[in-house]
Amino acid sequence: MDAHAHAAGGHHELEIPYNVHPRPDTGLYNAKFGVWLFLASEVMLFGALFSSYILLRSGAPNWPRGWEFLDVRLATLNTFILIASSVTVIMAWSYLRLGDLKKGRIFIALTLLCSFGFLIVKGFEYTHEFHEHRLPSTNNFMAIYFTLTGLHGLHVIGGMVVFAYLLLIGHKMWHTERERYTNRIEVIGLYWHFVDLVWIFLFPTLYLM
Amino acid sequence: MDHDVTHEHAHHGHTPEEIRKEMRVYLIIFGALALLTGLTVWACYGLQMPPHKAILIALLIAGTKGFLVAGFFMHLLNEKKLIYGVLILTVFFFGVLLWGPWHHVYDMFGK
Amino acid sequence: MGLRRQIRVGNQWLYADEAFKALREAERVMREEDRHKLLHGHVLPWYRRWLFSTDHKVIGLQYGFTALLFLLLGFSLMILMRLQLGWPGHAFDLMKVLGEGRAPGGVLLPEAYNQLGAMHGTIMIFLGVVPLAVGAFGNYVTPLMIGAPDMAFPKLNMASYWCYVPGGLIMLASFAVPGGTANSGWTSYPPLSVIATQGQTFWLLGMVFLITSSLLGSVNFIVTILQLRAKGLTLMRFPFFVWAQLVTSFLLLLAFPPLEAAAVLQLMDRLAGTSFFLPTGLVVSGQILQNAGGGNPVLWQHLFWFLAHPEVYVLILPAMGIISEIIANNTRKPLWGYRSLVGAVIFLGFMSFVVWAHHMFLTGMGTTISAFFQTTTMIISIPSVIILSSLFISLWGGSIRFNTPMLFALAFLPMFGIGGLTGLPLGLASADIHLHDTYYVIGHFHYVVAPGTIFALLAGVYFWFPKFTGRKLNEFWGKVHFWASFICINGIFMPMFAQGLAGVSRRLYDGGQQYAHAKDIAASTNPFMSVCAVGLLIAQVPFIINFFYNAFLGLRGRVNEDSNPWQATTLDWAATTSPPLGHGNFEVIPVVYRGPYEYSPPEDPDGYIPQHVPERLVPEPVGGTLPTAAVAQREI
Numbered sequence: 001m002d003a004h005a006h007a008a009g010g011h012h013e014l015e016i017p018y019n020v021h022p023r024p025d026t027g028l029y030n031a032k033f034g035v036w037l038f039l040a041s042e043v044m045l046f047g048a049l050f051s052s053y054i055l056l057r058s059g060a061p062n063w064p065r066g067w068e069f070l071d072v073r074l075a076t077l078n079t080f081i082l083i084a085s086s087v088t089v090i091m092a093w094s095y096l097r098l099g100d101l102k103k104g105r106i107f108i109a110l111t112l113l114c115s116f117g118f119l120i121v122k123g124f125e126y127t128h129e130f131h132e133h134r135l136p137s138t139n140n141f142m143a144i145y146f147t148l149t150g151l152h153g154l155h156v157i158g159g160m161v162v163f164a165y166l167l168l169i170g171h172k173m174w175h176t177e178r179e180r181y182t183n184r185i186e187v188i189g190l191y192w193h194f195v196d197l198v199w200i201f202l203f204p205t206l207y208l209m
Numbered sequence: 001m002d003h004d005v006t007h008e009h010a011h012h013g014h015t016p017e018e019i020r021k022e023m024r025v026y027l028i029i030f031g032a033l034a035l036l037t038g039l040t041v042w043a044c045y046g047l048q049m050p051p052h053k054a055i056l057i058a059l060l061i062a063g064t065k066g067f068l069v070a071g072f073f074m075h076l077l078n079e080k081k082l083i084y085g086v087l088i089l090t091v092f093f094f095g096v097l098l099w100g101p102w103h104h105v106y107d108m109f110g111k
Numbered sequence: 001m002g003l004r005r006q007i008r009v010g011n012q013w014l015y016a017d018e019a020f021k022a023l024r025e026a027e028r029v030m031r032e033e034d035r036h037k038l039l040h041g042h043v044l045p046w047y048r049r050w051l052f053s054t055d056h057k058v059i060g061l062q063y064g065f066t067a068l069l070f071l072l073l074g075f076s077l078m079i080l081m082r083l084q085l086g087w088p089g090h091a092f093d094l095m096k097v098l099g100e101g102r103a104p105g106g107v108l109l110p111e112a113y114n115q116l117g118a119m120h121g122t123i124m125i126f127l128g129v130v131p132l133a134v135g136a137f138g139n140y141v142t143p144l145m146i147g148a149p150d151m152a153f154p155k156l157n158m159a160s161y162w163c164y165v166p167g168g169l170i171m172l173a174s175f176a177v178p179g180g181t182a183n184s185g186w187t188s189y190p191p192l193s194v195i196a197t198q199g200q201t202f203w204l205l206g207m208v209f210l211i212t213s214s215l216l217g218s219v220n221f222i223v224t225i226l227q228l229r230a231k232g233l234t235l236m237r238f239p240f241f242v243w244a245q246l247v248t249s250f251l252l253l254l255a256f257p258p259l260e261a262a263a264v265l266q267l268m269d270r271l272a273g274t275s276f277f278l279p280t281g282l283v284v285s286g287q288i289l290q291n292a293g294g295g296n297p298v299l300w301q302h303l304f305w306f307l308a309h310p311e312v313y314v315l316i317l318p319a320m321g322i323i324s325e326i327i328a329n330n331t332r333k334p335l336w337g338y339r340s341l342v343g344a345v346i347f348l349g350f351m352s353f354v355v356w357a358h359h360m361f362l363t364g365m366g367t368t369i370s371a372f373f374q375t376t377t378m379i380i381s382i383p384s385v386i387i388l389s390s391l392f393i394s395l396w397g398g399s400i401r402f403n404t405p406m407l408f409a410l411a412f413l414p415m416f417g418i419g420g421l422t423g424l425p426l427g428l429a430s431a432d433i434h435l436h437d438t439y440y441v442i443g444h445f446h447y448v449v450a451p452g453t454i455f456a457l458l459a460g461v462y463f464w465f466p467k468f469t470g471r472k473l474n475e476f477w478g479k480v481h482f483w484a485s486f487i488c489i490n491g492i493f494m495p496m497f498a499q500g501l502a503g504v505s506r507r508l509y510d511g512g513q514q515y516a517h518a519k520d521i522a523a524s525t526n527p528f529m530s531v532c533a534v535g536l537l538i539a540q541v542p543f544i545i546n547f548f549y550n551a552f553l554g555l556r557g558r559v560n561e562d563s564n565p566w567q568a569t570t571l572d573w574a575a576t577t578s579p580p581l582g583h584g585n586f587e588v589i590p591v592v593y594r595g596p597y598e599y600s601p602p603e604d605p606d607g608y609i610p611q612h613v614p615e616r617l618v619p620e621p622v623g624g625t626l627p628t629a630a631v632a633q634r635e636i
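Residue numbers (the working numbering), protein chains in the order written: chain B, 1 to 209; chain R, 1 to 111; chain Z, 1 to 636.
A couple of the hints might just be wrong.
[Said to hold, decoys possible] Listed next, the in silico DSBU-like pairs over lysine-lysine satisfying Cα-Cα at most 35 Å (straight line):
hint : chain 1 : residue 1 : chain 2 : residue 2
1    : Z       : 155       : B       : 103
2    : Z       : 231       : B       : 172
3    : R       : 80        : B       : 102
4    : R       : 53        : B       : 172
5    : Z       : 231       : R       : 81
6    : Z       : 21        : Z       : 231
7    : B       : 172       : R       : 80
8    : Z       : 479       : Z       : 21
9    : Z       : 155       : B       : 172
[Unchecked claim] Non-contacting residues of chain Z with respect to chain B, defined by C-beta distances greater than 10 Å in every case (computed):
hint : residue
10   : 15
11   : 25
12   : 79
13   : 94
14   : 175
15   : 236
16   : 413
If you are wondering where the hints come from, they were derived from the structure by calculation, not from laboratory data.
Note that beta-carbon positions come from the ideal geometry of N, C-alpha and C, so glycine has one too.
Working from the sequences, and respecting the hints, build out all of it.
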């Protein structure tokens, strides 16, 4: 495969092999492999925090039950919202694979909506905690609660930024490189499912144990 | 064309029928996840389970939900060997990371 | 009947020597045309070409240049420390550069010594060695060596560099804040680091940027190496350099995140008043701290060392990769035990994740957990020995060329040997009781990193300089640089083992003079070591001049004709000299037909066969027709 520069929009773009079509022996296209590697590193990131939780709790003379300090109903609602957003994003990808950009974009927008909802509910939660004078400095339970949910929340925001871009600006790629755009939704979808996956473990750990 | 629902082969060699079948599966999984969420809240919080039991139940259900999300939404059940390899390695190190500091607290001099 | 080598070009068989001559001429012409374009600006605007480039070669050079500057800075901090250690309390004019707050009248304050110590380590490891080994050499050489047009994610590559720079700048800025920079060691142990001054917050923020940079880079490397390798380049045909970079990237990918998490936790402790690492009832300056408590300082140590142990393999593995290439090339024979090397490096990478608590033997860990980590640590020495032995045995029967890169590479072997062997007592819990936190440890790890890794990196600079610039560095001054550095560096670090065994603790601002058991050995060795340190600094001057002089000439077009001056077999040398920036690396992506080290093959004992060359041997035509059967023919 020749790698020669071809001008695209006034600047040279190098042709990278297997950017869109999978490499035969690995069966993967580059971004898919890349995002799984990134998710592996994220497993280690949240793993360190879960490990800290375990060490702090097992070394503590007493440790509150989640519902003593936190609002379980709001968090349960948030769990439903986030799972729903996982469904909407995979629907988006499926519609794109069917060649339907309109439905695809609708479902990306729904995903964004759900994530907004998640953040708003989280905002209510945090405000409630601050009202009750429960801050990260209050005790280690609140400290690890704010840190874990805060870092998770940052990941939600990061995902939202990418969704917004792909919805509003990046969708133009559908008309020039359809498969590449569809792949991008697959890749951000994988990231988003992971964010959901972390919450699936975070929620019971903090609220129900 | 935005409104085109073509019947050409979408990528990955999946036919439109197969994709629609997958979409139905996703909805079923959604139902299962919602159910399991309600179950875990009821079992741990609703029944005010003591900590040891709550941890066990919660982790079991969370593990099931995680399996569904990873296996179906993330297509891990049909993923390539290379990804499996990376993830197995990661899970192993994740386990070591969870074990190490905790075990230290349990195995200290003077305890 | 003589044999003449033919190679296949397109669908023709040409005589190899004629073909190569034509190729070199074509390269020379092309270089001139490219240089014309470069000088006359028919390409991208300067900031897209040099500053915000997505070309791995430019990014590699950016990393290299920045990292070398940081190495010089870290070294300079060490010179100030060594002045203090050699002559504690003495006034030095040079010390005044630290300002009146840190060195009133040119006399270094103990608190300032701690700042120098913490930042020397941090800068050398995270801003110097790793960016040079992985960011510079990894970025520049790896895609060339696997026959790829660039990295898999060029924009991500650019983002990695531009995360590294702010991280570095934040670290530098920390010197200017009130209270000075971080002073709790590069290890930043709480509770000290939590109650430390503002500079520590900068350290933590800087680390977050640096870790992010590494993570983005590691994803790029793994995908590039496995997905973008040329046709025919199977895993067992990788040059060992590529294997080393691949394993290193996995270490960075999976080991760095826990430190990022830990940095967040420490930031929370410092800024949000949490007590992740602060135990209940902590007394600071006679007062009980008014925090929630319940934290555990040992938690930080676990999370920190979970990264920091794999980190030391990140420091050494690329170096081993560089040395391997240079040894194979300058012995004119394949590496001995290639399969053992590959197995060993994979096993080493894996084991590096389960040995970390050997840095924590003195934290009160129980016998079970101590025994576990002692065992894994002993086991991990095995692949290290296998790698070192393979490299030593590779010298046997070789036709050794003692050029400058080879001198550094040869020195690496015994130096790493010393470093590795002195690590063994540290890995045994009982011996570590005596040696932990002494100068023995400093001697051990500096042997591995300084005459170990840094020598390997210097070897790499000398070796790949013709690829970067088109010119070789001057051999005479290279040898001067080598011998002076080699002698001085041993003078600095060898006495540290004696100091450590005598019980001189590390991180003492006066080098041990105030302790009865330490003061004699400190007084007798420290001044000598400090003189050697200054000598080592002076020894770098010929290198710096050599480097800039030849880089400048190379940029002006005064290049050597030969694009493969070391007669190397790997694909990076098949690319044109100083490959044109931003236009891909190869006119035609190579196809690989053979292993990486076909030096002195039986049919051509004085020659070598590059990886991308299919070939056959044909008898010299003596009138009449050529025989139809080829003597040896190789297929993919």
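Each hint tested on the structure:
no.: 1; hint: 155/Z / 103/B; in the structure: holds, 30 Å
no.: 2; hint: 231/Z / 172/B; in the structure: holds, 34 Å
no.: 3; hint: 80/R / 102/B; in the structure: holds, 31 Å
no.: 4; hint: 53/R / 172/B; in the structure: violated, 52 Å
no.: 5; hint: 231/Z / 81/R; in the structure: holds, 21 Å
no.: 6; hint: 21/Z / 231/Z; in the structure: holds, 26 Å
no.: 7; hint: 172/B / 80/R; in the structure: holds, 30 Å
no.: 8; hint: 479/Z / 21/Z; in the structure: holds, 31 Å
no.: 9; hint: 155/Z / 172/B; in the structure: holds, 20 Å
no.: 10; hint: 15; in the structure: holds, 26 Å
no.: 11; hint: 25; in the structure: holds, 21 Å
no.: 12; hint: 79; in the structure: holds, 36 Å
no.: 13; hint: 94; in the structure: holds, 42 Å
no.: 14; hint: 175; in the structure: holds, 29 Å
no.: 15; hint: 236; in the structure: holds, 14 Å
no.: 16; hint: 413; in the structure: holds, 33 Å
Hint violations for this structure: number 4 only, all remaining hints satisfied.
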